[in-house]
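Chemist: Protein chains in written order, with my numbering: chain A, 1 to 260; chain B, 1001 to 1097.
Rather than coming from a laboratory, the hints here were simulated on the basis of the structure.
Which residues of chain A face chain B? A few of them, derived with a C-beta cut under 10 Å, are:
(1) 144
(2) 145
(3) 149
(4) 150
(5) 151
(6) 152
(7) 153
(8) 170
(9) 191
Please read all numbers here as calculations on a predicted model, not as lab measurements.
We put the CB at the ideal spot given by N, CA and C, even for glycine.
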Amino acid sequence: MFQIIARPRKPEVMRRLVPAFGPAASLPDLQSVADRFIANAVRQAFDDLALAQTEGFVHCHAFKGREHLDAALKAGKGVLLAGLHWYAGRAGNRYLTSLGYPVMSVRNEEPLDKRMGRVGRRLFQPRYVRFLHEVIRDEVFIQDRECSLKILARLRKGGIVHVLLDAFLSQQNLEVPFLGQTRLFPAGPLHLARISGCAVLPMCALGHAQALEILIGPPLPLDYSLDAESFCQTHLPALVRILESYVLEHPDQWELWTKL
Amino acid sequence: MTTSGNASIVNRICAVFVRSLAVNVDTQNLPVVQDLSSVTGLDSLAMLRFVAGLEEEFGVEIEPERLNLHFLSNLQALTEYFAQRLPAAPEEGKRIP
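So that you can see chain A by itself, here it is in the shape it has in the complex (with noise of 0.2 Å):
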């Protein structure tokens, strides 16, 4: 079934894959990243749907970067995830989640898919809200007018919080130069990260929940000198050239081709 909701959006994946991978890129080439994107977006329905009743059910065969994690924690500044939507990104959180590091996510309550229509709006998306409540159990709503104060108090007691920089969570965007052509970015992120202190960590997860390979990257460099303008301007690029090369690296494991 969910092959059959999938399929459509292929020659939609096909036309944003060519001018991200450039003229050099073969045909053969892109549209097995599109294929392969298709049979990712359906196992992520199937994880998430394990995801929620079910402990433990994650397996990860590969965590980079853990070090990483551990020194910017143990600065007690907190540190600040900053991922795509991967398809085993809410996965890769309940690992991390089971390892003895709990991540809070930062959600958008009501996302805007259009094709879903306005009864599907209705009716179905405050189910699935719902759901996947109880795959990512510990999160914070950027419709909450207090997300912001929540993710700054969590930073400060030395927590994780995990932000999703390609989702508009933000009262501030940016527009960034990102696969061939330039696209916002939210720039609240980085206002927190100013204000706590914190450790920016890039991060990907990649595979599904029962092949989970999880990469977290070294910490962006950060200059406070600077105000909280050029602050965004300065490190908002850099964070997502960073996470740019994530996607070119793993183009079938990003979950928004379609919406770039």
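Given chain A, work out where chain B should sit, using these hints.
Modeler: Coordinates of chain B only, in the frame set by chain A:
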């Protein structure tokens, strides 16, 4: 802290509030408002700017337990908090020559 000291803190909080929101609010009216969250435009990011501004202004880091809308939008609670956290200044007329 004296009454005049508290009044000065109120003024400083209000100035930070207006700066962080970047909206057209008359600071003279804010002490009457008391509940800062009732001011239009106070979204999540503005709240963050407000916290950063307060910490910069008073040189104090607000504890995680106090990072909530209930506390941060209460002008009286904020004034009392900063009055307690700031080092006591010698009162006017009692200064040692």
